[in-house]
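Novice: Here the structure of chain E is known, so what remains is to put chain Z in place on it, guided by the hints.
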Amino acid sequence: MTADVTKTRPGIPGRLLLATLVLGLTALIAQVVLTRELLSVFLGNELSIAFVLAVWLATVAMGSAAGARIVARIQQPERALAWSQLLMAVVLPSSLMITRSVQPPGLTPGEAWGPGSMLLVSLETMALVCIMAGLQFVFAASAAAGQKRGSSEEKVAPVGYVYALEAIGAVLGGIVFHLWLSQHVIAVGVLAGLGVLNVASGLVLLWSDPRLQSRIAAISVALPLALLLGVLLARASEADLASLRASPRWKGHEVISHFPSKYGDIIFARRGKQISLFQSGVLLGTTEDDYANEVTAHLPLLFHPAPERVLLLGDCITAVPAHIASHGVNLKCVDLDPQVASAMREGSRPIPLWGRDPRLPLQFQDPRRFVRSASPAGYDVVIVSVPDPTTASLNRFYTREFFQEVKRALAPDGLLAITLSGSTHHLSGPVLLSAAVTEATLRQVFPGVRPVAGDTMFFLASDDLDLLQADADALASRLHNRGLATGFVNDAWLRDALLPFRADLIQQQLAEVPDPPINTDLTPISYYHQTLIWLDQLSPRLAGTARRLGNIHVWWAAVALPAAAVAMFIMRRRWHRLRPLVLLIAIAAIGAFGVAVEILGLLAFQAASGYLYHALGALIAAFMAGLAIGAAIVSARSLDQSAAARLLLSGLLTSALVAALLPGLLSAVVPVPALAAVAVAILLALVGSLVGAVFPVAVSLYRREQMASAAGGAVYAADLVGSAGAAVFAGAFAVPLLGVRGTAHFTALLLAAALLLALPLLRRSA
Amino acid sequence: MSKTERRDDAESGGAGVSRLSRRTLLKAGLGAAIGVGYVAGVAKLGSGARPEDSSLPARGTQDLWRHPASHFEKRPKKHVRCVICPNHCLVARGGRGRCETRENSDGEYYTLVYGRAASVNIDPIEKKPLFHVLPGSPILSFATAGCNLECKNCQNWRLSQARPEALRAIHLPPTRLVEAAQEHGCSLIAGTYNEPTVFFEYLRDVAMEGNKRGLRTAMVSSGYIEKTPMLELCQELAAIKIDLKSMSDSFYRTNSEGSLQPVLDSIERVKSQGVWLEIVYLVIPTLNDSEKEITNLARWIKTHVGADTPLHFSRFHPAYRLTRLPPTPYETLDRCHEIARAEGLHYVYVGNVPGTPAQNTLCPKCGRELIRRQHFRIAENHVKQGRCEFCQQAIPGIWS
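The listed protein sequences correspond, in order, to chains E and Z.
If you count the first sequence from 1, position 723 lands on 723 in our numbering, and the numbers rise without skipping.
To get our numbering, take the position in the second sequence, counting from 1, and add 766.
Calculated from the structure, these hints are not laboratory results.
Every value quoted in this text rests on a predicted model; they were computed, and no experiment measured them.
Glycine is no exception: its CB is placed at the ideal position from the N, C-alpha and C atoms.
One or more hints might be untrue.
A partial selection of chain E residues facing chain Z, derived with a Cβ cut-off under 7 Å [unchecked claim]:
| hint | residue |
| --- | --- |
| 1 | P109 |
| 2 | E111 |
| 3 | A112 |
| 4 | R271 |
| 5 | G272 |
| 6 | Q274 |
| 7 | E288 |
| 8 | H425 |
| 9 | S428 |
| 10 | A492 |
| 11 | F501 |
| 12 | D504 |
| 13 | Q508 |
| 14 | F733 |
Okay, the calculated bits of chain E under chain Z, using three or more residues with CB under 8 Å as the criterion [claimed, not checked]:
| hint | stretch |
| --- | --- |
| 15 | 244 to 256 |
| 16 | 686 to 693 |
Chain E on its own, in the form it takes in the complex (with noise of 0.2 Å):
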C-alpha cells in the first residue's frame, strides 16, 4: 500500500477541533474527579490508586476498541460524537451518584472495601464514561479523517491531530483542574460543569448540519439539559451534602461539611458530639482522640531531659500542640492542608479546633520541604506524625534522604519520633517486614534507635545514646516534675509501655529478620510492605499473589528477549497473520514506556525537592504537551510503510535506550533539586514527545489493516492496555521493589523484546 501519504492539510474544522478538545478535556477532568471520589471508599493507596486508574484507562480501551469495530457502519461520525456529548452530559454527575449510593452486599457502613468490591464499584462509576469516551476518540478520528466513509481512503494525518488536540485538551484540564477546580469547586458542581461544556459543544457540532429537523432536536434536548445542568451547578453545594449524607457510606452519621482540597477531599462527620475528620476517605482524626493524643505528645518528650524546642510535623489541627505546648517548649507546627484548618473555621457550622491553643504558631507548608530548609540543630525533638507510608507519596518521611535532613535540623543531643501502625502483642508478616524496615533505614542515620511496642509504634532516634536508654521510672520521674496533667499517659501506663520484658520481644522480633532493605526516595519498599498489610486485611488471596510478586526480578524482562527471537523465528513465515498484533504489541511497550518514565521522572522530583504536590500538575502537563506536539509533529509529515516503519522501530530503540540510561540520568540530577526539576520537566516532554510521535506512524502502520480511524480506535487501545499494565505493575510492585534503576531496566529490556518482535517490519514494509 502506497496511498497513505499525508501531505494534506489535516482541514479539521472549528466546531470538530473544540469538540475534541472538549473531549480530552472532559475525560482528564472526570477521571480525576471520579478517581478521587472512589480513593475516598477504597482509602487510597498505591495499589488502589493504580487500580483504578488501570480500571479507568482498560474502559476506555474497551470503548476505542469497540469504536474500532463499529466506526466503519457509522455514517457521520460527527453526529453520533455530538450526540454521545450530550449523553456524556447527563452521565458524568449520574456516575458520581452511581459511586455515594452503592454499598457492595454484605459490607457494613464503615468497613473498609476489597479488591472484588473496589472492581465492582469502579466499572459501576467509570465504565460508561470510559466506554464513552473512547468511543467518542474514535467518531473524532472518524469525523476528522474520512471523506468518504467506509473506504480506506481516510487519511491518516488528521487521526494523529486528534490525538494531540485530545492531549491539549487534557493538558488544559489539567491545569484549570489543578491551579483552581480542585481547591474551589466540589464533585458535583464540577461535573455538572463538565456537562454544560459538553452539551455545548455537542449542541456547536449538530447545529451544522443543514437539516431544520436535525437542529430542532438538538434544541430540543441540548436546552433542557443545560438548565437542569445549570440548576445543579448552582446548588452544587446543597446537592454535594444532600448525596452524600443519602449515602449508605454515611448511616448513622450525619455529614456536616464536604470541602475541596488540593490534597484530597475533606469531610466533617458527626454522631453525637463527636466530630471525625476525613481526608479522601482516611479517618484522619475525631474530637475525642484524647488517647492517641496524649501518647503522641507525652512519650517523645519525656524521653528528652530538657525540651526546648520542638518541630511537629502533622498532626497540627488536633489536641497534640497543647499536649505538646504543656511541656512549657518552644513549639513549631507545620502541616501539609490549609484547607483542613480553614474548613474548620469557614464551614456553616465552624469547628472547634481540636482544643488547639491558637497562639501556637501553625505553618501550612509541605513538611518535608520545611525540614530541608530548617536551619542546622534548630530542634530538640522532632515528632513525625503522618499516617503510615501507604504510598509513595508519604513513604517521603520514612526515608533515609528524609533521616538525614531531620538529623541535620536537630541539636546533637535531639531526639527524632516517628510512628507506625503495629501491634502490641504480635509483629509477623508484612508488619514486622516494615518495622524492620524502619528500623534498620533509621540506624543508618542515627546510632541509637529505640522501638517501643504498641497498636502504635514508636521510633525514637538520637545520636544520644543515653537519652534512650530512660526507663519508666525517669519518664514518670519527668512527668511529675512538669507538672503535666494526664487522662492517660502516667506511671502505670509508663510502666507498662515500657516493660523491659516487652521491649526485648519487639527487639527480638525485629532482630530475626536478617539484612531488612532500607528505604530510600528512590527504593520506596515500604509501601509495599503497606500494600501486603492492606492486602492481608481485605483479601489474603491477592495478598498471596502480591507476594509472590514479591520476588520480581530484573530476570522476569530479561526473558522477554529471548522469547522474542524464538518468537520472531517462529513466526517468521506467518508474518502477515501476526503483524497487526505484533504493532499493538509495539504501541502498549510505548505506553507502558511512557506510564513508567511518569512515574519514575515524578519519583525523582520528590527525592530531589522532597516534595511533589505543588508541581505534580505542571510536570503532567509537560509529558502531555510533550505528547500533543510529537503528534502533531509527525502526522504533518508524509509517511509511506517503510518510513513508518524505520520510525516505528527508531521510536522503540530510542525508549529503550531512554530507559537503559534513565537511572543514571536521574541519579546525576537528583542532588541538584533545580537541575533536577528542569531536568525532568524536560524529560517528560521529551518522552511524552516521543510517545505522541508514535501514534501516528503506528497508525500508519495499522491502517493497513483497516480504514484510519479504525485502525486509530485499535492503537488508541492498545497504548492505553499498555498504560494501565505499567501503572499497575509499576507503580504498586516494580518501583517499591527494584527501585528507579531496576524497574527503568525493566522497561528498557521489554521495549527491547518488543523491538525485536517488531524488527520484520522494516524488511516486510519496504
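Specialist: What follows is chain Z alone, placed relative to chain E:
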C-alpha cells in the same frame, strides 16, 4: 508453508550441519558469549530490595506443636466432626476446621497450636479487663494463631485471622509457661488476644499446671464454645471474661460469622459453675449501640447471671476491616452506663474515657468509691478481704 519451503528448510538445515565451519563455530561462540554476557549483565542489574518473611518458623518444627485434639467425632471415610465450638466443622482427611488450627490427619484430629505461643506479654490485669480480680496485678498473657469467628472489628486480626504457619511462634509448653509467669512475678496467666477455644488443650493443660503450682488461670473469650469443653475449662479456670458482641443474632452473623445463642449459653454456664465472670460489650457506633439493644443487654444479664456480674462497656477504635468507622463517642458510652445502672446492674464500667468516674468500683450498698482507677493505675483500693471497707458489704470477685 508450502511443501517446497519445507524441503528447502530441511535441505539447508542438513547442509548447515554438514558444513560446520570455523566461521560458524566462531559465530556460535560469539552468540554464546553474548548470551553469557547478557545473563551476567542482567544478574548484575540486580533486583533491588528483597523482602522476605524470615520470621516464619523453619520447616520441620511443625510437629513440635501437633497434639491430639479433644472434642471431635469420627465419621465415615476418615472424616471428623469437630464439636469444640458451634461451628461443628466436618473435616475431611488432610483438611482443617474453620479456625485453621485443628487438622484431620488420616482420620485422627490434632491441634496444631499446642505450646505454640505466637504472643506472650505481661499486662496489667485492668487491660483484660478483669476489674474484680486482684486489682493492679500483672498477668502473663499468651495467645496462638487462629479464631473460630471472623469479627470485622478485631483488634488482634493479625493473630486471629492467621494460619499457625504464617506466624512466628515460640515453643512454650504448659510447664514452661507457668514457670515464666512465676519468674516474672505474675499472679495469673491468661489465654487471651485470640480465641482460647481454638487452643483449648493448651489452655486446659496450662491451667492444670498452674493449679498444681498455685497460680490461677483466666480466659478472655468470645464464649463461642460448646457445652462440654466449656464445662471442662470451668473445672480448671479461676476467671473468665466473655465478649458479648451484641444482643442481635443478625449482628453476629454479619459482623462475626457466628451466632448469638451459644454465647449466651456459655455465659450462663460459666456463672452456674461458680467461675468468676465478667462481661465486656464493645460498643460499635451505628452497629450495636441502640438504646433498645443496651437495655436488652442489661436486662438479660440481670435476669440470667445476676446484677453482681460486672459489665464493661468498651470503646471501639477503628481496626481490621472497620477502619472508616470513627471511635465510639463518649456520650454514647455514658448513655450505655446510665442505662445499665438504671436497669439495676451493680458493677458497670466504661473503659478508655479519660477521667471518667465510670472506671471506678462503687459499693452497691453505701455508694462509696471502693477502687479508684486512673487508666491502668490503681489510685485507691478500699476492698478489704472482699468487703467494702466502709460498710462491710461483700464485694464479689477474687481479691486475694
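Novice: Hints first: check each against the structure and report whether it holds.
Specialist: Verification of the hints:
1. P109: Holds, about 6 Å.
2. E111: For E:E111, the interface hint holds, since the closest Cβ of chain Z sits about 5 Å away, which is under 7 Å.
3. A112: holds, 5 Å
4. R271: OK, holds: E:R271 within 7 Å of chain Z, min 5 Å.
5. G272: holds, 4 Å
6. Q274: holds, 4 Å
7. E288: Holds - the Cβ of E:E288 comes within 7 Å of chain Z, reaching about 5 Å at its closest.
8. H425: holds, 4 Å
9. S428: holds, 5 Å
10. A492: Interface hint status for E:A492: holds (3 Å vs cutoff 7 Å).
11. F501: For E:F501, the interface hint holds, since the closest Cβ of chain Z sits about 5 Å away, which is under 7 Å.
12. D504: violated, 11 Å
13. Q508: violated, 9 Å
14. F733: violated, 11 Å
15. 244 to 256: holds (count 4)
16. 686 to 693: violated (count 0)
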